[in-house]
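Peer 1: Quick mapping for you: the protein sequence lines, in order, are chains A and B.
Mapping of the first sequence onto the numbering used here: residues 1 to 115, in sequence order.
Mapping of the second sequence onto the numbering used here: residues 1 to 117, in sequence order.
It should be emphasised that the hints constitute simulated quantities derived from the structure, not laboratory data.
Some hints here could point you the wrong way.
[Claimed, not checked] One side of the interface only, derived from the structure: several residues of chain A facing chain B at Cβ under 8 Å:
#	residue
1	Y33
2	G42
3	Y48
4	Q104
[What the hints assert, rightly or not] Within a straight-line C-alpha distance of at most 30 Å, the following computed DSBU-like cross-link-like pairs (lysine-lysine) qualify:
#	chain 1	residue 1	chain 2	residue 2
5	B	K70	B	K55
6	A	K11	B	K109
7	A	K11	A	K71
8	B	K109	B	K78
9	B	K109	A	K57
10	B	K73	B	K55
11	A	K57	A	K71
12	B	K109	A	K14
13	A	K14	A	K57
14	B	K70	B	K109
15	B	K70	A	K57
16	B	K73	A	K57
17	B	K55	B	K78
18	B	K55	B	K109
19	A	K57	A	K11
Note that CB positions come from ideal geometry on N, CA and C, so glycine has one too.
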Amino acid sequence: DTGVSQNPRHKITKRGQNVTFRCDPISEHNRLYWYRQTLGQGPEFLTYFQNEAQLEKSRLLSDRFSAERPKGSFSTLEIQRTEQGDSAMYLCASSLSGGMGETQYFGPGTRLLVL
Amino acid sequence: AQTVTQSQPEMSVQEAETVTLSCTYDTSESDYYLFWYKQPPSRQMILVIRQEAYKQQNATENRFSVNFQKAAKSFSLKISDSQLGDAAMYFCAYRMYSGGGADGLTFGKGTHLIIQP
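So that you can see chain A by itself, here it is in the shape it has in the complex (with noise of 0.2 Å):
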């Protein structure tokens, strides 16, 4: 049983770009969820699926941040026009509905740094 696995593991770009982060979640998870984590603060929920259905959005996840769950399997995130302040790590979890507690399993997580 592979754990969930998240790519890039790192990322640099220029204010102003996009940039695009994936998700493979434990295979027979059904819920995904991303956070956002600053240095020094605890991860922040920023969305979450069941299976392919967005079902949930944190005010934090502005206009410029879209996420997609095709099939219910993977899932990307998106940023689009990156601003310094989205600098951060940015971790994937996923949990089976019904299992252990609707325990959180995470992800590596991917470092954002924006120029």
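Given chain A, work out where chain B should sit, using these hints.
Peer 2: Just chain B, lined up with the frame of chain A:
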């Protein structure tokens, strides 16, 4: 909105000793889950222990145990026989039990645990 507070930015303990990390939370819900996650330097976050609010018995996982005080909204983590590998950021997290179990986690700011050899 739910909030989670970890009042200890950093804790230090001698190897083989016991340490307790504090966590308090604020919620108006009666059913919820509480978690402790560990995040080693440059490594991914892993689950340490989980507690369901409807269970009065405190959860334990080997050297890790919690003291869950529902009325006080307190959820502390005790690490016994501390080992060098326990050094990490520890995050307390809350999730409402909404039936569908779909809500995202609310995290505290974390406690940096240092293990002194």
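Peer 1: Would you mind marking each hint as holding or not holding in the structure?
Peer 2: Hint-by-hint comparison with the structure:
{"no.": "1", "hint": "Y33", "in the structure": "6 Å, holds"}
{"no.": "2", "hint": "G42", "in the structure": "3 Å, holds"}
{"no.": "3", "hint": "Y48", "in the structure": "6 Å, holds"}
{"no.": "4", "hint": "Q104", "in the structure": "6 Å, holds"}
{"no.": "5", "hint": "B:K70 - B:K55", "in the structure": "10 Å, holds"}
{"no.": "6", "hint": "A:K11 - B:K109", "in the structure": "24 Å, holds"}
{"no.": "7", "hint": "A:K11 - A:K71", "in the structure": "26 Å, holds"}
{"no.": "8", "hint": "B:K109 - B:K78", "in the structure": "18 Å, holds"}
{"no.": "9", "hint": "B:K109 - A:K57", "in the structure": "21 Å, holds"}
{"no.": "10", "hint": "B:K73 - B:K55", "in the structure": "14 Å, holds"}
{"no.": "11", "hint": "A:K57 - A:K71", "in the structure": "19 Å, holds"}
{"no.": "12", "hint": "B:K109 - A:K14", "in the structure": "29 Å, holds"}
{"no.": "13", "hint": "A:K14 - A:K57", "in the structure": "26 Å, holds"}
{"no.": "14", "hint": "B:K70 - B:K109", "in the structure": "21 Å, holds"}
{"no.": "15", "hint": "B:K70 - A:K57", "in the structure": "29 Å, holds"}
{"no.": "16", "hint": "B:K73 - A:K57", "in the structure": "27 Å, holds"}
{"no.": "17", "hint": "B:K55 - B:K78", "in the structure": "18 Å, holds"}
{"no.": "18", "hint": "B:K55 - B:K109", "in the structure": "26 Å, holds"}
{"no.": "19", "hint": "A:K57 - A:K11", "in the structure": "24 Å, holds"}
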